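Make the complex out of the two chains shown on their own, each in a separate frame, by following the hints.
Which chain is which? The protein sequence lines are Y and D, in order.
Heads up: the first sequence begins at 1 in the working numbering, then just goes up one per residue.
Heads up: the second sequence begins at 417 in the working numbering, then just goes up one per residue.
Just so you know, the hints here were simulated from the structure itself, not pulled from any lab data.
Owing to the predicted nature of the structure, the values given are computational and were not obtained by experimental measurement.
Some hints could be false.
[Stated by the list, open to error] Residues from chain Y shown here face chain D by an in silico Cβ test under 7 Å; the list is partial:
1) Ser301
2) Tyr302
3) Gln304
Think of the CB as a built atom: it goes at the ideal place given N, C-alpha and C, for glycine as much as any other residue.
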Amino acid sequence: MIFSGFKVVKEALNGYKGWGPLWRNPAPKPSYDIVIIGGGGHGLATAYYLAKRYGLSNVAVLEKGWIGSGNAGRNTTIIRSNYLLPGNQPFYELSMKLWENLEQDTNFNSMVSQRGIINLIHSDGQRDAYRRRGNAMMISGAGARLLSRDELRQMVPFLNFDNARFPIKGGLMQERAGTARHDGVVWGYARGADRLGVDIIQNCEVTGFRIENGAVQGVETTRGIIGAGKVGVSVAGSSGKVMGYAGRRLPIESHALQAFVSEGLKPTIPGVITFGAGHFYVSQSDKGGLVFGGDIDGYNSYAQRGGLPVIEDVLEGGMALMPMIGRARLLRAWGGLVDMSMDGSPIIDRTDVDGLYFNGAWNYGGFKATPAAGLTFAHLLATDTPHETATAFRFDRFNRGYVLDEKGVGAQPNLH
Amino acid sequence: MLIPHPLLGLRDAQEFTYLGDASLLNRPDPVAPGAEAAFCDYVFLRDNPAGVHRELWFHEQGDRSWLVVTRNTVTHEILSAELASDVKAGAAQ
Chain Y
1 MIFSGFKVVK EALNGYKGWG PLWRNPAPKP SYDIVIIGGG GHGLATAYYL AKRYGLSNVA
61 VLEKGWIGSG NAGRNTTIIR SNYLLPGNQP FYELSMKLWE NLEQDTNFNS MVSQRGIINL
121 IHSDGQRDAY RRRGNAMMIS GAGARLLSRD ELRQMVPFLN FDNARFPIKG GLMQERAGTA
181 RHDGVVWGYA RGADRLGVDI IQNCEVTGFR IENGAVQGVE TTRGIIGAGK VGVSVAGSSG
241 KVMGYAGRRL PIESHALQAF VSEGLKPTIP GVITFGAGHF YVSQSDKGGL VFGGDIDGYN
301 SYAQRGGLPV IEDVLEGGMA LMPMIGRARL LRAWGGLVDM SMDGSPIIDR TDVDGLYFNG
361 AWNYGGFKAT PAAGLTFAHL LATDTPHETA TAFRFDRFNR GYVLDEKGVG AQPNLH
Chain D
417 MLIPHPLLGL RDAQEFTYLG DASLLNRPDP VAPGAEAAFC DYVFLRDNPA GVHRELWFHE
477 QGDRSWLVVT RNTVTHEILS AELASDVKAG AAQ
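Only chain D is shown next, with the shape it has when bound in the complex (with noise of 0.2 Å):
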């Protein structure tokens, strides 16, 4: 499987170690109330989709970024690949 690297190009997955679903950037603000519920969601609850699914691997053996690749999970076709942190910014504004 390849990874079209926003900045690299496409790279062999191997270079990668999976963490799983990107809605683990989004995590829960510790001091809001209903914050207990909250993280045990965020840390043990997953959508699982059959289908599309946007998830965060790690480019560990590369120049270790963090990307949100957008796959499908039946067919593992690799639909986009974005820097985590842009990500993150774009949530941000």
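Looking at chain Y on its own, in the form it has when it is part of the complex (with noise of 0.2 Å):
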């Protein structure tokens, strides 16, 4: 299905009756070339470019349930590129570019809204930090801002810069961050995949691989056994599993990380606000929701939801930081299972399995990688060299010493 002006002016005066599906729902071929589990952004994303870019278009995308019901329907849609370490920022900078075209690229609205993330600075230590951070953001083209503390108060002075333990000094702003629109990324990335000749097939749960002389063969599936030349895993949240039916242990375990919406209010956060000292961050929708949240649970969970503790540490952040939240009713409150690995870091690696590549390890991060991850996600597959700006996401980094830890933590999932 096309969408053009002269479509929208058509089925306005057609009452709407001429809208078709954007994607076919096809029964599963008994082989492809390339399968990837997962229809979430990631999956679909790498579908896409691997038709687009890559010339790849006998793909199938295995999803357990409906596209994007995972963590792409989970999060909280905060799109930046705003880290610090070499191997991390060049690729979350090539997400960003990503973004910024992406509209024109599928031609789906994915309402991309460039309003501006401010991390916020309450120390002269944590100042140091950021302007490294920023410099680093800077080298990649990725553009920073230092903000002084009367700067800030202008753009958000509803925030408490007084408060006695936090005192808000300034913040980092990276004016090109901002937030999309979930399903609209998943729906745009699963339309074009589709238009290229992608098998888009939901309710086909994978339960196991065949695997022949170390080499995969195909995929066991709900829907039956389905042949590949090659598998991609891209499940974040269930590598564990997924990758248990292979026999491999992952850098990984799986969390749950919760997420808030409040009622729709009129326009008041301009852009995205993080408040890490006090393990909040908050940004509005365009329906006018307060979307925000906070820590993962902390301990190993499946549950695709959390307990009350991470609810009443993430509002209380909340109303440190900006107490006229406190005014708003809180929506609705819900969980993802996030990949936290060792050093905070994804994976796009191949596996030491012929033919199985892997694409996880994600953390916090998922969404805001959806684009460049589906490029070199797509690239590995296509190529079975890691793309320039992935060269960092190995597996063996671990054993090789080469960890990407941007917060120096060390090897302890619940700490990143």
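This is the structure we're talking about:
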């Protein structure tokens, strides 16, 4: 189905009877060149770029539920490229550039809105650390701006600047950061991939791998065996479970991360504000709801829901940062599963099984990475070599001692 | 979530800090052949099961004992809790 101004007018006059589905709902073929497990943003973006940039369209995306029903539908939709380490920052900046051109590329309204992100500063030491990070961001072309307390007061006057424990002394801003519409991203990639010939197969859960002589031959699913030349696993949150079918252990623990949304309000928060010291960050959706979150629950979980202690912690952080939030009513709280890795950074790599490839370990950061993870995973699947911005995301970085630990807390997943 | 402490009874999980998989009790022998690879597995790789998981919790705001808690990671149901010192002593026999 094609969108155009003419079509919008025509359908408006015709009772919207002519809008059809955005993608087909095909039965699985006996085999494909490439099978991607996981119909989230990453899996669909991978299929889209495989077809669009690498000319490979004999591809299937297998999704156990409906597309975008996992972490793609459970995150807080923030996009940014404000990392420090040389192995990370160029990758996220590639992602930001792809976000900036996403709607032109897929011809689908993903509601990318570059309204800026501000990381708050509470001490001289933190200002030094953020100035350094800002320099790293500028080197990568991402741009950064160090805000004084007075500038910040003008931009976000509703914050509690004189909190006794964490007085606000300034902020680091990335003006190109912002938010996107999570469903719009999933649907845009799904429609784009489908139009290029990719089969999107929903309600098809992978239950095992066919591996012979160390090479993958296909996958066992709830809809039968599907042969595959190559298999890409892109199921962050359930990575341990799916890679367990191939008998592989990962440097990952699965954890529950919660998010929250208030009732719809008039425009009040200009961009994204993060209050790391208080375990709280917030933005406002286009519908007006305040979207916010905090830390993971902190213990291994596959439950897609969290506990009350973290809800209390996040809401206390919100009250400390912006007391006006106490007047808003909480509408919903939900949880998703995140792959917390041993250094807090992702993995996009081959495995020791021929033809089996892995994309996961996204920690808190999978949504913003969606376009670049799709592109670099597609590059790896198509060419068998890592994309130039993803060379640091290898499995063997742990054995070799080249971990990518942005926070420097060591091999303790619940602290990243 | 309440953890059934073997000495103190039901305690709120907020009194505890979480370390991870109880296999961390089985530290490899640093002088054995292949110790480097064994330590790499020990430090970085996890089973990460969806289901029953044995894990280490530290009663930081209580009696400062280490517990091995058996918990279902899908339902968050806690099946048992033992003192880690007892588990370690049992394994050594």
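Exercise for review: Quick one: which hint numbers does this structure break? Sort them smallest to largest.
Suggested key: Violated: hint 3 alone.
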